[in-house]
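A.B. asks: Take a look at the letters that make up each chain.
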Amino acid sequence: MGIKVNPRTTQRIAKAVIWSAAVLVLLLLFTIIIYILSKGIPHITWQFLTEIPSDMGKSGGILSAIVGTLAVTIVAVVVATPLGVGTAFYLTEYTRESGVTKVIRFSAESLAGIPSIVYGLFGFIFFVTYLKLGWSILSGGLTLAVMILPTIIRTSEEAIRMVPPMYREVSFSLGGTKWQTMTKVLIPSALPGIATGIILGIGRCVAETAAIILTAGSALQMPTSLFSPARTLAVHFYILASEGISADNAYATAAILIILILLINIGANLLVNRFVAKRR
Amino acid sequence: MSEQTKISIRDFNFFYAKKEVIRALNLDIRENEILSVFGPANSGTTTLLRALNRMTDLTPGARMEGEILLDGTNIRSPDVNISELRRKVSMVFEVPTPLPMSIFDNVAYGPRLSGVKNRLTLEKIVEESLQMAVLWDEVKDRLHHSAMRLSGGQQQRLCLARILALHPEVILLDRPCSGLDPVSTSKIEESLRHLKEKFTIVIVPHNVQQAGRVSDRAAFLLMGDLIEVGLTAEVFAYPKDKRTSDYITGRFG
Amino acid sequence: MKMKNFGERIPQSLFFIMALSALTVLALITVFIFIEGVPLIVKVGFFKFIFGMKWAPSQGFYGIFPMIVGTISVTLGAIILGVPVALCCAIFLAEFAPRWLSDIVRPAIQLLAGIPSVVYGFWGLIFIVPLIRNYLGGPGLSILAGSIILAIMILPTVISISEVSLLALSPLLKEGAFALGATQWQTIRSVLVPAAKSGILASIILGIGRAVGETMAVIMVLGNAVALPNSILSPVRTLTTNIGIEMGYASGEHQQALFATGIVLLVIIMILNSLAQYSIKRK
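Residue numbers (numbering that gives the first Met the number 0), protein chains in the order written: chain F, 0 to 279; chain G, 0 to 252; chain R, 0 to 282.
It should be emphasised that the hints constitute simulated quantities derived from the structure, not laboratory data.
Yeah, the Cβ is synthetic: ideal placement off N, Cα and C, and Gly gets one too.
Reference listing, derived: stretches of chain G covered by chain F, where coverage requires no fewer than 3 residues with Cβ under 8 Å from a Cβ of chain F:
#1 49-61
#2 85-98
#3 161-168
Looking from chain F toward chain R, a few residues come up when the C-beta cut is under 7 Å (computed):
#4 Thr9
#5 Ala20
#6 Phe88
#7 Tyr89
#8 Val117
#9 Phe121
#10 Ile124
#11 Ala206
#12 Leu213
#13 Phe236
#14 Asn264
Chain F on its own, in the form it takes in the complex:
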């Protein structure tokens, strides 16, 4: 390096570059969100929300997609939450670190990295075909449950570990059993953290597309039971957009998706803050 560059200059340049990067990212976020919302919100009418789609989605509303989204999300949360929280309890309360816990943790970490299309393949071959559940809310919901399980395990374990160890000691010293200590002290204290994990899981369910198409199908009609095929908002949006059926409705659906995600994120953040405040 022949030229001696003044370190104060590099500091200024570096600072500018770094701030620009941050600004760029924020700009991207706003562009995407505001673009979609501005093009989509005008088309969100009460009718849109309460009618079922007709004409392949060109007209009518998205009620069946809303119901489909709700249904698969509920199935996923109902199945994954007990399993995830139970696993977290097992990892924190009942064993010392051992071969078993390492294997369980490894499994959870690995599951977190699997691509959603592979989950779709699995859901198709296992739930739809092997268990003969067909393309259905049940197949889709169970597949989603598997996808959000790692998240719930991770956040629940963290939440339980954050409960001050003295609370356990106090409970035991007052004659509490492990089970009583868990239900009366640990779960209430860890609840905000656990709830955050569940909310993040819900966010994943709402956003997921690839796995749903392969397991819950893409039927337009209103689902009538857990065994009915259904489409979710994300799937509906994908089909509208990629097959060019209706730009307006596509934007509107996307806008609703974004609004949902915004609400979910805000909810999760509020919970985290309450969690932190409680510690003080």
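Dock chains G and R against chain F, hints included.
C.D. replies: This is chains G and R only, laid out in the frame that chain F set:
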């Protein structure tokens, strides 16, 4: 102080991860007395206390030999119900640790664990316990406020009330007043003097002076060995062992 | 020594069974995907499958090399475009941003992570593809478009883990450098980033994993061509979009080939995850 032996410790050894923490301890604790177990850090005072209600079971790597007899029954026998043992022999910890609930729920926690559900009974128990802990007058108007809002001294008296709600027979206190101001300390020491009429009390004092103020008998533990035990006044004024007098006079600490 | 009441044993066994769920699921996924895919790999031949240039299911050709090239090029592009920006943001959050600003930026990045991939893909189709077509040529549906979208999508992953790694460093490192007269940037460049190297590397590897696994975000912008690309403006298919496009109508051998592609994806992800874990442990 009666002549009845409440707890009898025989040939007790305690190991923590292969290190011997308490050696060949023989000690009798008499009913309705206040016994202080004192000594420098790492002498096994807290460990001994925790062994008396098997809180040591929670420590991985802990191993014990010998007997601890409560009213003649070995507390280490497999027939013993640990939850019941811990209700009979209850502990107040060094750091006041109110549970994240209301004052009422804190005191009612123990009784609820053992199955008391009736609201009136619980209210009676809570009031009695808070009275015995000399805290009732200060909190009776805000029983449903969070216990986390109490001052340090009040929190510690709450912890005392919490175990009193279990109607224990023995009360163990591990440096209960460390970090508390002198007023709170004297309130707690005052309540102990009343409580000994109904309970047997074992206390690890946070300094030697507290042992002198509060206890009937005193046991000096040094690096896991019981050096001497006797009436507090005697141990302090005419210690039989030089090490005892050195520690009491502050030659080492 | 510890006495366990009967009432204690039941919850413990219950939770143990629950805890096995993660392992069970992982095993099921591996087993079922392999059962569907392996026979085809055996039939076609491992090397013909992985390195075969022709993918034409109707004629019985199952070579996925074009898709492998597609995945690698799109991912590489995402890393080149995304990692520098992400690192700068991580440094921004860890070193430059005042508290009130980082409290805004961090949730914003989380929000970025929550936006459905289909929405990204759509936005890419509307915004990015025309830009490329008009200013750089080609159909617009291209590797470049995919890389840009994926770069945006891996930002949250790389930023958050890198930031955590930087924040976890001992403050003494910074103080030591300042005491020797270094500027903030010199400290970051020569002391902090090298010290946080393993965490940053892990975040990049996880970002790669995310990019490799992404389907919906790129399916609308990549152009769908089953051929080796000759520039970043060429349309292409990735391993994931291949499955996404054809699974809807595939059957028999064709379907098995898609599952075989799934196996390849699984193996790649497993390798990446292990690398990331290894990098963290090397600390």
